[in-house]
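Undergrad: Take a look at the letters that make up each chain.
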Amino acid sequence: DGGITQSPKYLFRKEGQNVTLSCEQNLNHDAMYWYRQDPGQGLRLIYYSQIVNDFQKGDIAEGYSVSREKKESFPLTVTSAQKNPTAFYLCASSTLTPTEGYTFGSGTRLTVV
Amino acid sequence: GQNIDQPTEMTATEGAIVQINCTYQTSGFNGLFWYQQHAGEAPTFLSYNVLDGLEEKGRFSSFLSRSKGYSYLLLKELQMKDSASYLCALWGTGNTPLVFGKGTRLSVIA
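Residue numbers (my numbering), protein chains in the order written: chain G, 80 to 192; chain X, 2 to 111.
None of these hints come from the bench; they were simulated from the model. Just to be clear, a hint being listed does not mean it is correct.
Stated by the list, open to error - If we take Cβ atoms under 7 Å as the criterion, some of the chain X residues that face chain G in the derived model are:
#: 1; residue: Asn22
#: 2; residue: Tyr25
#: 3; residue: Gly29
#: 4; residue: Phe30
#: 5; residue: Phe34
#: 6; residue: Gly93
#: 7; residue: Gly95
#: 8; residue: Pro98
#: 9; residue: Lys103
#: 10; residue: Gly104
As the list claims (entries may be wrong) - Calculated pairs, DSS-like style, for lysine-lysine (alpha carbon to alpha carbon, straight line, at most 25 Å):
#: 11; chain 1: G; residue 1: Lys93; chain 2: G; residue 2: Lys150
#: 12; chain 1: G; residue 1: Lys88; chain 2: X; residue 2: Lys82
#: 13; chain 1: G; residue 1: Lys88; chain 2: X; residue 2: Lys103
On a predicted model such as this, the values are computed, not experimentally measured, just so you know. Yeah, the Cβ is synthetic: ideal placement off N, Cα and C, and Gly gets one too.
Sequences and hints are given; from them, build the entire structure.
TA: This is the structure:
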C-alpha cells in the first residue's frame, strides 16, 4: 500500500541538540512539505520541495534545514537555532497540482527539554 | 498574502446539522480544501472546491462563493466520531503550497 511514513512518532531531545525527523513516501509524489502545528496556530509551512535537489523556504524556516536527495525522502533537521522547537511536525506529499489534496504522515511530536 | 478565518470552537448535538464557516482574503487562488483532524493525528482530506456552489459527499458537503470570499463545511447527522478539528486551506495561484486556517474544533455532545 502506498503511503507516507514519519518517524519517530515521539522524540525527546535536550536543548541545544540538533535532531532530524524522517519522512518517506512511496506514492511517487513530486512535491513534499513540512508543516509545524502548535495549539491554536493551525499548520504553518516550514519548507517544501517540488523536485529532487531543490527546496524552498516556507513562512517559518528559521532554525530548520531540509534536503531532498531522493524523490521519496524529505528529512527535516531542527537545529539548535530554533528557539521554540517543541511542537507537532507534519510531513505531507502531493502531485504538483494537488487537486486531490495532500497526503499527510502521522506526525512527529518533538519535545525539547 | 492570504488571510483565512475560522471560528475557534463549536459545539453541536449528536444527530444534528452543523455548519463550519471559513472566510478568506486573497488576490487569487486555484481552489479551497477542507480537512478533518482528530487530536494527535494527521489531517485527512474531506473536500476540494474549485467552482462556486455546493459539493456533496455523503454526510459532508462543502460550499464555495468566490465573490463573497466564503466557504462552509456542512456536517449532517452528526456522530460522536465527528468530534475533531476542521481545517480550511487555500491553494493559491500556480503551484504554491496550501495555506491553512487555524482550524475549528468541533465537539459533538449527546
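Undergrad: Which hints, by number, does the structure contradict?
TA: 1, 2, 3, 4, 6, 7 and 11
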